[in-house]
Amino acid sequence: MIAGISIYEILTVTSIIFFIGVYGFITRKNLISILISTELILNASVVNFVVINKYLYPTLLEGVFFSIFIIAVAAAETALAVAIIINLYRQISSVEVKETEIMKY
Amino acid sequence: MKIVSITKTVHDWLFSIMPEGAASIVEMVLIAVAYLAFFAVAGLYLVLLERRVAAWFQLRLGPNRVGPQGIFQTMADALKLVSKELTGTIKADNFLYNLAPYFVIVSSLMALAVFPFTQEFQAFDINIGIFFLIAISSIGVIGILLGGWSSNNKYALIGAMRSGVQTISYELSVGLSLLTMVLLTGTLQLSEIVEVQKNGWLIVQGHIPAIIAFMIYMIAGTAETNRAPFDLVEAESELGAGFHTEYSGMKFAYFFLAEFINMFIIAAIATTIFFGAWLSPFGITDSIPWLGVFWFLGKTLLLVFLMMWFRWTFPRLRVDQLLTLEWKYLLPINLVNIVIMAILVWLNLTIKF
Amino acid sequence: MNVSYTIAIPLIPLAVFLVLGIFNQKIKPAVSGYIGVAGLLTSAILSYYTAFQYYFIHGKEDGVFQTFVEKTNWMSFTETLHIDMGVLIDPISVMMLIVVSTVSLMVHIYSRGYMKGDDGYTKFFAYLSLFSFSMFGLVLATNLFQIYIFWELVGVSSFLLIGYYYTKPSAVAAAKKAFIVTRFADFGFLIGILIIGYYTGTYDFQTLTNPEGSIIANWASGSFMGLSILTWALILIFMGGAGKSAMFPLHIWLPDAMEGPTPVSALIHAATMVVAGVYLVARLFPMYYFVEDGFALNIVAYVGAFSSLFAAIIAVTQTDIKRVLAFSTMSQIGYMMLALGVSGYEGHEGVGYMASMFHLFTHAMFKALLFLGAGSVIHAVHSNYLQDMGGLHKYMKITSITFLIAALTISGFPFTSGFFSKDEILVAAFEHNKLIYGIGVFVAGLTAFYMFRLYFGIFWGKNTKYEHTPHESPLSMTFPLMVLAFLSIATGYTHFSEYVSPDKMGFETHLDVKLAIVATSVGLIGIALAAVFYFKPNNLSDRFAHAFGSFYKWTYDKFYFDEIYLFVTRNILFKGVAASAAWFDRNVVDASMNLIGNSTVLASQKIKKLQSGRFQDYAFAFVGGAVVLALVFIYLWTN
Amino acid sequence: MEKIIFYILAFIIVAFAIASVSSRKMLRSVIYLLFVLVGIAGIYFLIDYNFLAAIQLTVYAGGIIVLIIFSVLLVHHIEMELEIAKPIKQIVTALLCLIGLGVFLYTIYNHPFQPVENYTTTTVNEIGKGLLSYEKGGFVLPFEVISVLLLAAMVGAIVIAKGTKLFDKK
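Chains as they are written, first to last, in the working numbering: chain A, 8 to 112; chain P, 3 to 355; chain Z, 1066 to 1704; chain F, 16 to 185.
Among the hints, erroneous ones may be present.
Said to hold, decoys possible - The list that follows gives simulated cross-link-like pairs (lysine-lysine, PhoX-like), each with its CA atoms no further than 20 Å apart:
no., chain 1, residue 1, chain 2, residue 2
1, F, K177, P, K330
2, Z, K1569, Z, K1462
3, F, K177, A, K105
4, Z, K1233, Z, K1188
5, F, K104, A, K105
6, A, K105, F, K101
7, Z, K1618, Z, K1527
8, Z, K1569, Z, K1459
9, P, K156, P, K93
10, F, K40, P, K93
Stated by the list, open to error - Label pairs and their in silico Cβ distance ranges:
no., chain 1, residue 1, chain 2, residue 2, range
11, Z, Y1683, F, R39, 20 to 28 Å
12, Z, Y1070, A, L67, 27 to 35 Å
13, P, K10, F, P130, 30 to 38 Å
14, P, V338, Z, Y1683, 18 to 26 Å
15, A, E103, Z, L1694, 27 to 35 Å
16, F, L113, Z, L1675, 31 to 39 Å
As the list claims (entries may be wrong) - Beyond 12 Å from chain Z on every Cβ pair, some chain A residues (computed):
no., residue
17, I14
18, T34
19, N55
20, F56
21, L67
22, F72
23, I77
24, L87
25, T107
26, I109
By construction, these hints were calculated from the structure, which means they are not laboratory data.
We put the CB at the ideal spot given by N, CA and C, even for glycine.
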C-alpha cells in the first residue's frame, strides 16, 4: 500500500507498459528485441497480480505466488529462447525475424 | 552507547529544525555522503593494504615514502587518477561505456548499506537482508559485461564474457552456502541473524557443515570478486587488462575501487553470517556497544587478509578448470551440505551456549 | 477347499513367457530350456496336488463333487451382467489340468532335445509357455467371457507356433490359414456368447449350467426360425468349438498346421488345444442337454460322427506321417463329440459324457505319444513322407516300441487305455443311436487299419537305404516317449466314471463284454489287413489304390475341400462381392472424398497468402482483433 | 514522500520502456529494459513486498538480463544498427496500442475496486509456508510442477544450445 497512491494509478502504469511491450513485439525486427518486449508484457502482468493482491486481498498471498511462478516461467522461457537464438545464429548467422520464415512452406 | 546515541541525536535534531519531508531528505543525503566517504576511504586503504601485504609476502617493503609508512600513497595515486584525461575509443558505444562503472559502484554501495556495523548502526535493516545482498551482488556483473562490450575491444569483450560466466556460476555457490546458514537462523534479516549468534557464532553452532559452507563461501566469494586465483577476467598475460583495458583515469579507478570494496563486502558478509558480526568473542566487550565497530572491522579485515593471502599463494586457473570446480565439485558438495545441515537442525544437533 | 493357489498354475508359465520373451537375446539357449521346463514342472506339480486334493480328499460332499470358485470382478456392465476373472475347480477342469500339464511338461522336456541348435530356441520356449498359460487359463475359466479371452490367446499362440519356421512360405500360409479359419469360427462363438449375455444376463458357468436354475428352465423364451434363441446360441458356440476342434466343415486348417515343429503338433494340435471344443461343449453340457430337448446336442453328435468317419477315410490314403496323425486326431475328436452327443444327464445315462472325457484323457496321452514318436522318426530321417521310411525298427528300438504301444492303444487293443475309453463310447452310442454306433464301429476298424499302415510303413516294410544311418534319439526325447507309453496303458485303469459324470455324482461302470468283443474284433481285422498290406514289401496296396481309382484320388486330395473353399472365396466372394464393393468404394466413396479434398486444396491455395509465416503479423492480427472485440463489447454493454 | 517516489518510479518505468522498444542499439535496449525491471522492483519495495523485489532483482536483473546480454554479446556486433519496421506499420501499431490502452483504462476506471486499508508486511516465512503447504489453498503442487518445468527447460536449453555437435559423434 503506497500512501496517496490508489490502485488505479498503478494499473494505469502497468497498462502502459503492457502496450509498450505489445508495440515492441509487433514492430521490432530482431528476435532478441522481441524477447525484450515479451519481458515487458510479462512484467506488466506480474505487477498487476501483486498490486491487486496487496490492495484488495492483503490477507491472501495468491498474487505473490502467481508472480513467483510467472517469474520462474519467464526465466525458463528466456533460457530456452536464448538457446534457440544462439543455435539459430550458428545455422544462419542472423537473428532477424525475416530470415526465419522458411517454416511457412 | 556513543555511536548509537550520535545517530539518534542527529536524527532528532534534524527533525526538530525543519519540516518532515525536508528532514528525511537531508538525512538521506547525509547517510549517502557518509557511505560514499567510507567507500572511498576504505577502498583506498584496502589498496594500500593489498600492496603492503603483497610486499610482505614477497619479502620487500612496498610503498613507504608518502607519509608515515606510506599511508598517503594511495591518496596521491587517487589524486593523480582524478587529474588524468579520460580517454575513450572511437566507435565505442559511449553511453554504455560511461554507464558501466556506475553499475559496479552502485551495486557495491547498495550492498554496503545493509551491514550491521554495530548494534543499531545499520542504514537499511531490510527483512530479507541476505537475499537482498545476493540480489544486489548479481547486478554488478552487468557493469562488467557492459564495459567489456562497449569498449569495442576484443580482449575486453573476452574478459567480460569470462567474467559473466564466472560470476553467474559462482553466484550459485555463494547463495547456496549462505542458504545453508539460513537454515540455522530461520530468518533472513541481518539484525536477527546477529541476534541468533548471541548463543554462539554460527560457524560454531553449525560446526562441520558450517565450516564446509564457510570454505565454499570463501572460494566462491573470491571467484565472484574476480580475484586471483580466479582473475581470468583481467588475466594480464592473456587479455591486457581484461574488461577495463580501455578505461582510463577516474573511470578505471571506479572499477579498481569497486573490486576492493567487493572484496570487503564478501568478507563482511562472511563476518556477519559466520562470525557473529559485531559480537565480541565470549561477550567480553558487551558493555561497550560501540566497540562492535572495532570487532566487525577487525574480523572483516582478517578475512580480507585471508583473501589477499589466496591471491599471493595460488596460481591462476584455466577457464575449464574454473567451471569444473564450480559445477562438478562445489555445487554438488553444497547441495549435500544443505541436506546435512537440515538434518542437523531437525535433530537439534547444533552447538549452543 | 481353498483353491486360490491354483491361480499360480497359469501364472507361472506366464512369468516364464515374460522372462524368456523380454530377455530373449540375453538368455543362453540351454538356460531357457531349463527355465521353461522348471516353470512347467512347478505348474504340473501344483496341478497334481490340486487333483489329489480334489478327487480324493476335499472334492466330494454328500456323494457329489463340489464346484469351487475363486473369482474377482473385472468389468461390470449391469447389476447381474459382469465379467469376472478367476479359477473354477470342478471334475472336468481338474482332469484337464492334469492332461494339459502332463502333456505340456513332456513336450517341454522333449523339445529340449528336438529343438537343439535351432536359432529361435528361447523364442520357442517362450511361445510354449505362452500357450501353456493360455490353455491353463482356458481350462480354469469361470465364465464364458474369460474362456473366450483365453480361447483367443490359445489361438494366437497356436498361430505363432505354426508359423514358427516363418522363413518357409508354407508355414506362414498354414499359420494364416489356421488363424483365419479358427477366427471365423470364433466369430460364431462370440455371437453366441453375446446372445447368451443378452438373454440370460450372465456369463457365469455355475449359473448357466445349473439344471434347476432359471436359465435352463426358461429356455423357451423367444424363438428364431423355429428354434429357441438359446439353441441358436448353443449352435453358434458349438461352431466356435468345431473350429478349434477341426470338426467337419471347419477342419481344413488342421492338416496344414502340421507345418509347425512336431512338439507343437503334439501339444497343441493333438492333445490340448484341439480338444478345447470338446471341453467347451462338456463345460456347457447341461445347457446342451436340457435346452430344447437336446436339439443342439444332436447336431454335435452328427457333426462329430461325420467328421470321425470322413477324417478316418482320408487318413487311410495320406503319405505324410504327420498328416495321417492329424486326420487321426480329427477323427478321434469326432469320436469325443459323438460321445457327448449321445450322452444323457443323470446317473448311468451320462456314460457318453463320461466316455467323451475319458477318451479325451487317454487320447491326449497316446496321441501326444504318437506325435512325439513321429517327431523322433522325422528327427532321424529328416523327412515327413512314408515313402522315405521303412525298416526303422532295427535302428530305433525305443521309438518303435513306444509307437507300437500307442498304435495298439488307439486301435482299441484289449487292456490298453484306448480299449476302455472307446468301449464306453460305443456303449453310449449303442444305447442311444444305432446309426452312430455303426459309424463308430466302422471308424474303429479304419483307425486300426491306418494306424498300423503307418506303423508298419515306418518301422517294417521295405528296407530303405538311408544317406545317414538313422539312430535313436537322445534321452531327453525318448524319456517323454517312455513316460507317455506307460501312461497310455495305465490311464485305462482309473475309475474314471467315479470322478467325472454330468451330474457330478459318479457311477459304476462295467465292461460290456458283447460290445467289447465286436469292437475288438473289428480293430483286429483292421490290424490284420494292415499287416497283410504293409508288413512285408509288396504291391498289394498299389493295386488296391488302382482298383478304387478316382475314389482313391479324391481321398488322397482330401475330397478337394481346400479347393472348394478356395473357389468359394476367390470366385464368389472376391470376384463377385468384393470387386463390386471395391468399384463402388473407389468410384463413389473415394471420389466424393477426393472432391472434398481437392476443393479444399484449391481453396487453401487461394488463401494461403494470409499465412505469411511472420509471427508478428499474427500478433498484430490477434491484438487488433482483441481490441476490436473489446470495443464492440463495451459498446454493447454500455448501451 | 512515497507518492513522489512512486511518480518518479512510474516515470522511469514508462520512459525506459519506451526507450527499450525504440532504441536502435541492441545492448542499449537491453539496459533500458534492466532499468524498467529495477523500477518495478522499486514498486515492490514500495508496497512492502521485499521478497518479491529481491526475486525480481535476482532472477530478472541478475539472471534474465545477464542471459540476454550474453546472447547479445554472442550474436551482435557493436556497429550493428537494428532494422525497424516501416513507418506506416509503426504508426498503425501505435494507434492500435493506444486504442487498446484506451480500452484498458476505460475498463479499469469503470471498475469499482474496493481497496482494503492495510500495512501488513509479508514475511518470507509466510510465503515459504504457503508455497509448501499441501492443505487447502496450498501451492505445493504448482511449486513442484514449476520445478519440473525449470529442469525440463534447463535440459532443453542445454541440448538446443549444444547444437549439432551432440550428434556428429558417430
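Hint check results:
A C-alpha spacing of about 19 Å is found between K177/F and K330/P, which places the hinted pair at or below 20 Å, so the restraint holds. With a C-alpha separation of about 43 Å, the suggested pair K1569/Z and K1462/Z falls outside the 20 Å cut-off, and the hint is violated. The straight-line distance between the Cα atoms of K177/F and K105/A is roughly 24 Å, outside the 20 Å bound, and the hint therefore fails. A hinted pair counts as satisfied when its Cα atoms are at most 20 Å apart, and K1233/Z with K1188/Z qualifies at roughly 17 Å.
About 15 Å separates the Cα atoms of K104/F and K105/A, which keeps this hinted pair within 20 Å; it holds. Between K105/A and K101/F the CA atoms are separated by roughly 14 Å; this keeps the pair inside 20 Å, and the hint holds. Restraint check: the Cα-Cα separation between K1618/Z and K1527/Z comes to about 24 Å, which exceeds 20 Å; the hinted pair is violated. Restraint check for K1569/Z and K1459/Z: not satisfied, since their Cα atoms lie roughly 48 Å apart, outside the 20 Å limit.
In summary, the hint linking K156/P to K93/P is supported, as the alpha carbons are separated by about 13 Å, within the 20 Å threshold. This hinted pair checks out: K40/F and K93/P have alpha carbons roughly 13 Å apart, not beyond 20 Å. At roughly 25 Å, the beta-carbon separation of Y1683/Z and R39/F lies within the given 20 to 28 Å, and the hint holds. At about 58 Å, the beta-carbon gap between Y1070/Z and L67/A misses the expected band of 27 to 35 Å.
For the pair K10/P and P130/F, the beta carbons lie near 35 Å from each other, so the given range of 30 to 38 Å is met. Range check, V338/P to Y1683/Z: about 48 Å between beta-carbon atoms, so the 18 to 26 Å window is missed. At roughly 32 Å, the beta-carbon separation of E103/A and L1694/Z lies within the given 27 to 35 Å, and the hint holds. Checking the proposed 31 to 39 Å range against L113/F and L1675/Z shows it is violated: the Cβ atoms sit about 26 Å from each other.
The Cβ of I14/A sits about 21 Å from the closest Cβ of chain Z, beyond the 12 Å cut-off, so the non-interface label holds. Interface exclusion of T34/A from chain Z breaks down, the closest Cβ pair being 8 Å apart, not more than 12 Å. With 12 Å as the threshold on Cβ separation, the claim that N55/A sits away from chain Z holds: the shortest Cβ distance comes to roughly 17 Å. Its beta-carbon lying about 20 Å from the closest one in chain Z, F56/A satisfies the requirement of being farther than 12 Å from that chain.
Remark: the non-interface label on L67/A is consistent with the geometry, its nearest Cβ contact in chain Z lying 28 Å away (cut-off 12 Å). Against chain Z, the non-interface label of F72/A holds: every CB pair exceeds 12 Å, the least being about 27 Å. Even its closest Cβ contact with chain Z, about 19 Å, leaves I77/A beyond 12 Å, as expected for a residue assigned away from the interface. Every CB of chain Z is more than 12 Å from the CB of L87/A (nearest about 16 Å), matching its label as outside the interface.
Under the 12 Å C-beta cut-off, the non-interface status given to T107/A relative to chain Z is violated; the minimum distance is some 8 Å. Consistency note on I109/A: stated as away from chain Z, yet its beta-carbon is not over 12 Å from all of that chain's, at 8 Å minimum.
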